[in-house]
Each structure stands twice: as C-alpha cells, then as structure tokens.
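Residue numbers (the working numbering), protein chains in the order written: chain E, 1 to 288; chain L, 1 to 325; chain Y, 1 to 336; chain H, 1 to 318.
FYI, nobody ran anything at the bench for these hints, they're computed from the structure. One should not assume that every hint holds.
[Said to hold, decoys possible] Pairs of lysine-lysine residues, derived as PhoX-like cross-links and limited to a Cα-Cα distance of at most 20 Å, are as follows:
1) H:K59 - H:K30
2) E:K191 - L:K122
3) L:K266 - H:K30
4) H:K90 - Y:K142
5) E:K9 - H:K15
Residue strings, one per chain:
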Amino acid sequence: MKRILLIFKYSPKLTVGVVILLSLIVLAVLEPTINYYRLNGRSSTEIGLFDTFLPPSREHPFGTEAYGRDVLSLLLTGLKYSLLIGFTAGALATFIAVVLASIAGYKGGRIEAFITTIANAILIIPSWPILAIIVLFVRKVDLLLLSAIIAFFSWAGSSRQIKAQIASLRERPYIDLARVTGFSDLEIMFKEILPNFLPYIFVGFSYAVTGTIMAETALRLVGLGPGDIPSLGQFINWAIYSGTLAQGHYLIVISPITFLILTFVSLNLINVGLDEVFNPRLRQVTGV
Amino acid sequence: MDGNLLTFQNVSKIFRRVGFGFLGKAVVQALKDVSFSLSSEPEVLALVGESGSGKSTICRLILGLEEPTSGEILYKGKSISEWLKNNKKDYIREVQIIFQDPYEVYNPFYRVDRVLWMAIQKFNIASGDEASKLIYESLEAVGLRPREILGRYPHQLSGGERQRIMLSRIYLIKPKLLVADEPVSMLDASLRAIFLDHLRNFKDLGISTLYITHDLNTAYYIADRIMIIYSGRILERGPTEDVIKNPLHPYTKMLINSIPVPDPNKRWQDRVVIDVAKLQKLSSKELVSGCPFYNRCQFAMDICEKNFPSVKRINNQEVNCFLYE
Amino acid sequence: MKKSIFSYFINRILLYALIFVISLSAFFFFINLVPGDPVTRYIQMLEQRYGLSTPASEIVIQKYKEVFGLDKGLFERYISYIKRLLFYQDFGPSFVAFPKPAIELILESLPWSVGLLGTSVIIAWVLGVILGTIIGWTRESKISSTIFTTGLVISQIPTYLLAIILVMVFTFWLNLFPMGGAYSAMLQRSFSLRFIISLIKHAFLPSLSLVFVYVFGTMISQRALVISVLGEDYIKLAEAKGLKSFRLVNRYILRNTLLPQTTGLALSLGFIVNGFFLIEWIFNYPGIGRLFMMAIREMDYNVLMGITITTMFCVLTANLIIEFLYPLIDPRIRRG
Amino acid sequence: MNTILEVENLKVYFKTILGDAKSVDGVSLKVFEGEILGIAGESGCGKSTLVEGVLKIYKPPCYIPEGKVYYKGIELLSLPEEEFRKLRWKELSYVPQGSMNSLNPVIKIEEQMVDGILSHADMSYHEAKELALSALNSVGMPPDVLDMYPHELSGGMRQRVCIAMSLCLNPKIVFADEPITGLDVVMQKLNLQTLGDLRDRYGITVVMVAHDMACHAEICDRICIMYAGKILEVGSTVDIFSDPLHPYTKGLLSAVPSLEKRNLKGIPGLAPSPLEWPSGCRFHPRCSYRMKICEEEEPVLEEVQPGRSVACFLYGGK
C-alpha cells in the first residue's frame with residue numbers, strides 16, 4: 001500500500017490520469033440512475049421529449065438538441081456506450097496481442113518473425129477503409145460484433161509494445177535461474193514473466209482502448225454501424241447532420257468531443273505515468 | 001562408466017542466427033572439439049578465457065540450456081540429454097549454477113528469499129519449520145544475518161549480499177557439480193576474497209566446481225586445475241601451480257605476461273606489440289580449421305594456419321601447440 | 001559491402017511485395033465472404049431510397065451481377081480480379097457513375113489527397129522533430145516542460161475531432177476560411193496568384209487539423225528519444241570534447257534519434273491515413289477520402305475496393321521508400 | 001612541482017526522491033604538472049563522479065552544491081559555460097570508460113576526431129585531418145581507421161581511438177575514467193602503456209580513475225584512495241604499496257589478487273549507501289582498528305609525512 005502511494009506521489013501525471021478516467025467510468029456506470037431521475041424513466045434517445053435547441057438552463061444544463069433531447073442525458077448515454085465498446089474491444093485486442101506477443105517473444109526464431117511481420121502489416125496498412133466496408137456490408141452489427149471487428153484491426157499496436165518487453169524479459173538471468181530450479185515453461189511464463197509485464201499489459205490495453213474508441217467514433221461519425229447504440233460518435237453524427245453548427249449551437253458539438261478527448265488524454269497520462277514509474281532506469285532512483 | 005563426474009567428448013557448438021527475410025544468416029562457431037573432464041573427487045576446475053571465447057556456452061551446455069551441435073557431454077557416464085529426458089529433477093538437483101550478475105538474477109517482483117524457498121519446494125528438501133531452519137542455517141553459513149535478508153526486495157540489498165544469497169542457495173541444495181559463471185566479476189575487490197573462500201569451502205561439502213572466469217588471478221587463488229580456452233578451443237590445461245608458473249602455450253604466456261602486478265617495483269619491462277591490421281581481420285568470426293591464435297602468435301608457423309595440433313602431454317600439463325610436437 | 005546493401009534492397013522489395021499481395025488477398029476474401037453480395041445490397045438500397053414498391057426481378061439482379069463479374073465462383077472471381085488489377089490496373093466499373101471505370105474516379109481524386117497529405121505529414125514531422133529535440137535538450141526548463149505537458153494532451157486529440165472543432169470555429173463562427181472543394185468554384189485552374197491563394201486557403205484548415213496534432217505527437221516521441229540518447233556514453237565524450245551546442249545536438253543527438261523516429265513515421269502512416277479519410281469528408285475536400293465516403297453512401301462496391309487497394313499500395317510504397325532511406329541514416333545497415 | 005589543478009572541498013550530489021545521494025562529499029585534491037595521478041576506490045565511492053564534476057560533464061539530476069576547482073589559477077566551476085567549453089579538450093581532455101560505446105555509432109571516426117579539433121582550433125578541415133592522422137599514428141593505429149565507423153572496430157581498438165582523440169590538441173591534462181574496464185588483459189596492458197606514454201612522450205598530466213589497484217601500481221606516480229565520497233589517503237605509489245597507512249588502504253591491498261601470492265583477504269562488511277553515509281569516519285563500521293571517536297567525529301585529511309596525507313585518527317586526524 002505504501003508502495004502504491006509512493007508511486008502516485010512520484011508521478012503526478014499518473015494521478016491526474018487515474019482521477020479523470022475513474023470519474024468518467026463512474027459517470028458511465030451511474031448513467032442509468034442519473035438519467036432515470038432526470039427523464040422520469042424515459043429513454044435519453046427518445047425524440048421530441050422537450051423543445052428543440054433550448055439554451056442551457058437549470059433543467060437542461062447543456063440545453064437540448066435538434067430533436068428535442070436533453071444534451072446532458074445523451075452525453076452520459078454516449079459516454080457509457082463509447083467506454084463499453086472501447087473496453088470490450090480493447091480487452092479483446094489486448095488479449096489477442098498478449099497471446100500472440102507471448103508466443104512470439106517467448107519462442108523467438110521464425111515464429112516470432114512471422115507474427116511480427118503480420119502485426120507490422122496490420123499496423124502499416126490503413127485499416128479504416130477496410131473496417132468501414134465490412135461494417136457497411138455486414139447486415140446486422142451489434143455491439144459485440146462491432147467490438148470484435150474493431151479489435152481485429154487494433155491488436156497490432158499493443159502487440160508491438162508487449163512483445164518488445166517480453167523479448168527483453170526472456171533474456172534475464174532469473175528466467176535461467178527458474179529453469180535450473182526446475183520450473184516448467186508455463187510456470188516461467190506465468191510466475192516469472194507475467195508479473196513483471198503487468199504494467200506493460202495495461203499500457204497495451206490503454207493503447208487498444210484509445211485505438212478502438214477512435215475507430216468506433218470515426219465509424220459512427222459517418223453514420224456507419226448499429227443505429228441503436230447511441231455512442232458519442234453517433235451523437236456527433238446526429239448533431240452535424242441536423243445542422244447544429246450552421247445554427248450556431250456549438251456547445252452541443254463541443255461537449256461530446258470534450259468527453260472523448262478527456263478519455264484519450266487520461267489514458268495517455270496513465271501510460272506516461274506508468275512508464276515514468278516502471279522505467280528501469282528511473283526505478284533505481286526511486287526504489288519502488 | 002569412466003568414473004568421471006562430467007565429461008566433454010569432442011563437443012562443438014555452432015550458433016546459426018536466423019534473420020527474417022529471404023537472405024542472410026550468420027553462423028558462429030562457439031566451441032570446437034572441446035574435451036575435458038571433472039573427476040568424481042571434489043575439485044575446483046577453472047575455465048579461463050576472454051569474452052567471447054565460448055566459456056559461457058560451456059556453462060549453458062552443462063545446464064542443458066543449449067544442446068551441442070556435435071559431440072557428447074556425459075554426466076556420471078550418461079549423456080545430459082538422456083538425464084534431462086528421464087531424470088530431469090535429479091539432474092538439475094545435482095548440477096547447479098551461480099550466475100555472473102547478482103542484480104538481474106533476482107526477479108524484481110518477488111522478495112529475495114523466494115529463490116531459497118523455491119529451491120526447497122522444487123527439490124523437496126524439507127518442509128515446515130525445518131525448511132525455515134535450513135534457510136537460516138544456509139544464510140548464516142555464508143556470513144549473512146538472516147534477519148537482515150529475509151523479506152527484503154532485491155533492490156534493497158547490495159550486490160555483495162545478493163551474490164552471497166546465491167551461495168546460500170547452493171549450500172541449501174548441495175549439488176554435486178556447481179558451475180560458477182564469473183561469480184565475482186561484478187563484485188568489489190574487498191568482497192571477492194570472502195566470496196571465493198566460501199566457494200572453495202564447498203569442496204568439503206562434496207561439491208565440485210567449474211569456475212568460469214576471465215581473470216587468471218582469481219583462478220589462481222581458488223582452482224586446483226586450470227584450462228585455458230581461446231576462441232572456442234581449449235589450448236592448455238593442467239594443475240594451477242604448473243600452468244601459472246610454467247605456461248607452455250604462447251597464448252597462456254601472453255596472458256600471464258599481460259596481467260598487471262600490484263607492486264610498483266615490478267612494473268612491466270616489455271611492451272605489447274600488436275599488429276592492428278591483423279587484429280581487425282581476425283574480428284570476423286569464421287569457421288577456422290587451424291589454430292585460432294595463429295593471427296596473434298609470434299611463433300606462428302605455416303602449419304598452424306590450416307591445422308590444429310593434437311594434445312601433447314608435458315609433465316602434468318596438456319597443451320595443443322605445434323611448438324611441442 | 002556493395003553486395004550487402006544490394007541484398008538489403010532486394011530483401012525489402014520482396015518483403016513489401018509479399019505484404020501487399022497477402023493483404024490484398026486477405027482483404028478480397030474478407031469482403032467477399034461477408035454475407036450479402038454487393039449487388040443485392042445495392043439494389044435493396046435503391047429500392048429503399050426511392051421507395052420502389054415492387055422488388056427488382058431476379059433477372060435484373062442476375063444481369064447486374066454478370067456486368068460486375070459477381071456471378072462466378074469466389075476463387076474464379078479472385079483470379080480474374082487479380083489479373084485485371086495486375087495487367088490493366090482496372091477495378092471494374094463504378095456503380096454510380098456506370099460505365100465510368102472506378103480507376104478513373106480514383107485517379108481524379110488521388111493527386112489532391114497525396115498532395116495535401118504528403119505536404120502536411122512532412123511539415124508535421126519536421127517541425128515535430130525539431131521541437132522535440134529542442135525541448136528534450138532543454139528538458140529542465142519550465143517552458144519546455146510546459147510545452148511537453150501541453151503536447152501530451154494535444155497529441156491525444158484525434159485529427160478528425162480537431163477538424164470538426166476547426167470547421168466550427170473558423171468557418172461557421174468566424175467565417176474566415178471557405179468550406180468545401182480544393183479551390184474556389186468561381187476560378188479556373190491556372191497558375192495565377194489568385195488561384196494559388198485560393199488553393200492554399202482551402203487546404204489550410206484540413207492540413208492544420210493534421211499538422212497540429214502530429215507536430216505534438218512527433219514532438220513527444222522525439223523528446224523521449226532525445227532523453228534516452230542523452231544517457232549514452234558517446235554524448236558524455238562529445239560534451240567532454242567541448243563541442244559547440246549546435247554541433248552536439250545536430251550530429252550526435254538528432255542524428256542518433258533519426259532511425260527510430262523514421263521507423264515511427266513509417267509505422268504510423270496507416271494510422272494517419274485513417275484519420276485523413278474523415279478530414280477530407282469533414283472539409284469536403286475532393287480527395288479519395290471524400291470519394292470513399294460518397295461511395296459508402298451509394299454502396300459503390302468497385303470504387304470502395306479500388307480506393308482501399310490504392311491506399312494500401314500508396315502507404316506500402318511510402319514505407320518502402322522510407323526503408324530505402326535507412327542505410328543513409330544508419331551505417332550499421334549499410335555495412336552489414 | 002607545480003600544481004596544475006586544485007580541487008577544493010568539491011561536492012557532487014544526485015537528487016533522488018529519497019533525498020540527495022552524496023556521491024562526492026567534500027573532496028580536496030592537488031594534481032601536479034607532469035604526473036600520473038591514480039584515483040582508486042571501489043564501486044560507488046564517487047571516483048568517476050569526481051571526474052565528471054571537475055569537467056562539469058554531469059547531467060541532471062546531478063548537481064554541485066559547493067566546491068571549487070582551480071586550473072592554473074582559474075576557478076572552473078564558476079566560469080561561464082562558453083568559456084568552460086573552450087577549455088575542455090584543448091586544455092582538459094578526457095578518455096571515457098573502456099567497455100562502453102563512447103563513440104557515436106552513426107558517424108565516421110574521421111568526423112568525430114576532426115570535429116573535436118575544429119571546435120577549438122582555427123584551422124582548415126584538411127589541417128585538422130592531418131592532426132587526427134598524426135594522433136592516430138602516435139598510438140599505433142593505421143590511417144584507414146579514419147574511414148571506419150565505430151562498429152567496425154573491436155572494443156580495445158575503439159578505446160585506442162579515444163586515447164588518440166584525447167591528445168589531438170595536445171592538452172595539459174587528460175582525465176581517464178576507468179579507461180581499461182571491460183577489455184581483455186592484453187588490450188588492457190597495451191592501452192595502459194599508451195596512457196603512460198602520454199606523460200612520458202608528450203609531457204601530458206594524466207589523472208586515471210580505476211578500481212584495480214594493480215593498474216595503478218603499473219603506471220601511477222601518486223595514488224589517492226577514495227571511500228564513500230571522501231579521500232582517505234594520498235601518497236606516492238611506492239609509499240602506498242609498501243606502507244599503507246589507512247586501515248581501508250591496508251584492506252584494499254590485501255584483497256588484490258595476484259599471481260605472486262596465493263593468499264587473499266577481504267574486508268568484512270558492506271559498502272555504505274550514498275544516501276546515508278555512516279557517521280564519523282565513514283569506514284568505521286568495517287574497520288578493525290575502530291575507536292570510540294571514529295563513530296562520532298570525522299577525521300580530516302592531514303599531511304603526516306612529506307607528500308603523504310591520511311584521514312584517520314590513528315595518525316592524528318584532528
């Protein structure tokens with residue numbers, strides 16, 4: 001516990017990132033409750049519940065939008081779905097990345113070269129048009145399928161990050177020591193290597209979450225994907241296509257964008273913070 | 001059964017580095033026709049060579065972390081691959097190692113005493129109270145105070161302490177054969193002597209030691225016998241006193257002559273002469289059939305370039321050099 | 001030594017050719033195995049959009065499929081697609097602009113995209129590297145760490161979201177920059193000053209939304225690289241040599257960060273292009289990004305396929321060119 | 001003998017979150033013109049940091065809280081950065097640690113040698129190259145080395161290039177920081193002898209940092225023994241080896257292995273941490289001559305014989 005506090009004390013970036021991200025998650029988790037009270041049990045996406053384009057007031061802190069929906073409620077719903085897809089797809093992508101990176105990093109040789117080439121190819125090739133075409137032609141896209149498709153194109157980045165770490169861990173003498181103490185390959189993987197790269201798995205995960213939320217938002221922005229999932233990207237799409245900008249209601253567009261940016265920034269701050277804390281060169285100085 | 005603890009029979013090791021792509025791979029001959037043995041009587045055998053001479057490869061071969069390209073390594077008359085296939089537990093219990101780096105050998109995630117507990121657990125040495133008693137005992141045996149060690153994380157201890165915990169691990173396991181891979185090269189001079197004394201005392205526990213080092217000084221201090229390895233070939237071997245006082249191979253002579261003497265009244269009288277151009281040519285490691293020292297040897301003959309001499313026995317020493325044919 | 005660099009080039013070319021063919025094939029099968037063939041979906045869309053009550057007859061659909069070569073088996077289709085692509089650079093006709101070939105539409109918009117994207121990426125990268133080197137070198141100062149923290153935040157903004165903000169501020173609110181097109185519709189293409197100004201005015205915001213984010217992205221990674229190089233022993237010796245700061249930063253620090261930084265650029269090109277599709281759409285810039293969005297709306301299958309493959313090809317070629325620069329940057333590659 | 005460099009109460013600290021690591025903690029030292037001075041001590045005693053502090057080539061979080069360094073009467077540490085830069089390499093030159101990659105991997109040796117020269121001397125590129133060539137020649141390296149990249153040379157050869165580089169401008173003092181660690185013994189001998197030549201043939205003053213006492217015995221005129229950020233003993237090499245005064249020096253010498261004698265004795269205990277040096281004499285926890293006063297008061301480095309100083313209460317030390 002003391003060690004954890006020391007970590008936060010050492011890296012303000014990590015602290016700020018964790019605080020922002022946790023607040024966003026709490027908002028998303030409380031969304032059903034908050035919206036239930038605010039809208040008396042009506043759905044936040046229901047059209048024509050209020051007048052259109054009401055200015056911000058006590059009742060509607062962010063006003064209402066072109067279809068007469070409460071902006072704050074829509075925002076919270078959007079945040080929930082964006083985070084949900086991000087975390088689902090991010091977890092999937094990280095899982096693929098960890099499995100492939102472990103195999104590559106631990107086995108080495110030709111297998112490693114093969115997996116690296118595939119990962120690099122996916123990383124290099126612009127995946128967005130492919131993603132868009134698939135989502136366009138698949139008839140029924142639900143949240144899980146969408147996450148899976150996005151995850152398929154997002155694991156390469158985190159796999160690169162994780163593989164480099166495993167490859168460096170593999171060479172450590174303590175792995176050899178474990179081997180001459182009679183550890184099996186699996187035991188070495190889980191007991192010796194895994195604990196040391198947990199922070200890096202998180203780094204890979206947060207890369208994946210950022211990547212998948214970005215991809216999802218981009219898809220929804222142009223109107224692709226399941227219409228019944230009102231994520232933040234979908235919200236921006238509604239706002240743009242209903243002429244919100246032309247009529248000068250900038251707040252309606254700015255607020256979902258701010259939420260998205262806050263998510264990305266907090267994840268990145270956590271990454272940078274973790275790197276500061278777990279970077280071996282710094283670690284010697286801090287002693288944590 | 002030849003009655004030896006460990007026997008290397010014409011062991012060669014070639015590393016092929018596989019690069020991805022369609023062309024290009026590197027071949028490095030790490031060991032060539034290496035033969036030696038450790039007798040079943042406990043002894044300390046020093047393997048002395050420069051960095052890149054193949055001494056670490058020998059260490060990894062013995063531990064079964066690598067397999068020889070050709071030749072055989074016998075432990076108690078049975079080949080290592082056979083041991084690892086049928087009696088892996090017994091083998092690793094009997095053949096243990098101390099690594100060079102006292103920092104990286106600890107998993108930073110765990111407390112230091114884990115290496116001791118794991119050894120006890122994996123080798124079924126003891127259980128319960130007896131186990132902790134044994135750990136206390138083994139730590140004290142190498143001059144550490146258990147209370148200052150147990151429960152600490154690796155970064156909280158100094159290099160000397162950590163390396164000594166490795167010693168206590170060996171004391172705990174009591175293997176038959178210990179491979180010590182440059183165990184003192186990262187320790188300060190003032191701590192080296194104490195460490196080496198412990199290592200030497202292991203002989204009384206029935207432990208044979210293969211002491212791998214680049215430093216003739218410490219080898220002279222601790223070893224019963226010395227082997228000189230150069231570029232994957234063993235060039236000379238014999239009882240320590242004989243090899244140091246009466247070196248036969250030109251390479252051994254050069255080594256001994258190059259070691260600084262800690263006495264300002266006995267400074268070097270000669271100067272090193274090195275043909276830099278020749279050295280540069282040598283740096284590319286190819287599969288050479290002749291004597292690997294040919295390029296740097298001042299007595300080099302034509303025959304040395306293409307052929308490698310067989311072992312010649314002179315008194316107690318064995319040397320591979322055409323000068324003694 | 002000559003031989004080793006030659007074999008390096010051959011090696012790279014083969015590798016990229018292989019990656020291209022494999023991703024092309026994977027993409028083709030991926031799309032064609034998705035349930036629902038493009039023609040049926042296309043006709044369905046037309047029906048919905050124009051409220052046709054009677055569904056199109058089987059014969060009409062069959063006729064369409066024949067024209068677009070969708071009536072054959074999957075593998076046969078694949079072979080003929082690859083053949084057409086390799087020998088005639090043909091993606092088949094566009095649905096919407098039938099019978100105009102898709103390739104023509106693509107070639108009309110490609111130069112706009114390559115021009116805008118290429119300029120923006122180079123500007124962003126060069127600026128980012130310079131800025132990153134400066135704040136890495138002076139990392140102790142207050143200003144540098146403020147720039148660093150700001151950059152950390154800005155680099156996380158997706159380019160397309162920034163594009164929306166820019167449109168909002170500069171076009172709708174302040175009405176400073178025009179919206180849509182690559183140049184004013186009232187002008188003829190010419191080398192006149194007015195035309196060039198109009199060209200720059202239209203390209204400015206799309207370019208800015210990319211440059212702004214990537215300058216800071218590159219700056220952050222460059223700073224990290226500089227700091228890791230600063231810990232190297234050769235920097236200590238260089239300082240002991242009493243080199244002038246400019247030389248030290250230029251030849252010792254910058255030079256050694258160039259290889260990983262270029263690799264970083266190569267790896268992020270695909271990602272940059274992804275965002276660029278949306279930027280073109282948001283600004284209605286007549287590149288292939290906007291063409292792609294139009295094709296999505298019309299479900300124009302051949303154009304979609306064509307754009308994706310063209311982009312793949314362009315990005316892989318750009319990567320190959322970057323890798324050809326490596327031996328210039330690092331002598332260890334050049335001499336084995 | 002003229003004093004060419006004088007260090008006065010120099011402190012070099014590192015900032016950490018656990019407080020300052022006091023790597024060099026008040027060192028005073030004189031270097032005489034034309035001598036080879038050895039700085040000996042074990043890892044963590046601050047000997048390399050001392051050199052970096054004198055040359056001011058350290059990086060944050062390292063800093064100098066106090067201390068003065070006089071070179072020919074000029075105080076170096078308070079000099080403007082640009083003035084100090086002009087002195088480095090031209091007057092005070094440096095040979096880095098042997099095992100490490102001290103040469104820039106991506107530019108040719110030629111450029112690395114020439115740019116050091118051109119930063120200080122007003123001459124043409126061609127003249128600078130001639131200078132570099134003659135420096136290489138004087139350490140027995142062939143001219144085609146100029147056209148090579150560092151990775152094409154072996155570790156020992158790279159080290160020789162560094163030595164050649166350091167004498168290009170004919171400096172007054174060369175600081176060699178662990179110049180032979182990580183090299184094979186034959187290369188060690190070669191490079192050590194080359195360092196000795198710097199003084200013998202070119203009259204350059206050499207300050208050599210090394211942990212191996214045997215190396216000092218081979219070439220040094222005087223030795224300074226460092227422990228825990230302090231100097232414990234200074235004297236001529238012959239005196240130090242034949243009659244070590246400080247208990248630490250005695251211990252250090254009996255721990256040096258050699259092919260002459262087959263007995264070694266270590267120093268019990270462990271090296272202290274720079275975050276928290278022991279009170280009083282920093283060696284007292286490991287010292288077998290420990291007295292009560294050693295725990296409470298810190299002995300001062302004091303001249304006990306001509307040219308011989310020691311910081312120990314056994315010899316006064318107040």
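Hint check:
1. H:K59 - H:K30: violated (25 Å)
2. E:K191 - L:K122: Roughly 14 Å separates the two Cα atoms, so the pair holds.
3. L:K266 - H:K30: Roughly 27 Å between the alpha carbons, so the hint for K266 (chain L) and K30 (chain H) is violated.
4. H:K90 - Y:K142: violated (33 Å)
5. E:K9 - H:K15: Roughly 16 Å separates the two Cα atoms, so the pair holds.
Checked against the numbered hints listed earlier, the structure breaks hints 1, 3, 4; every other hint is satisfied.
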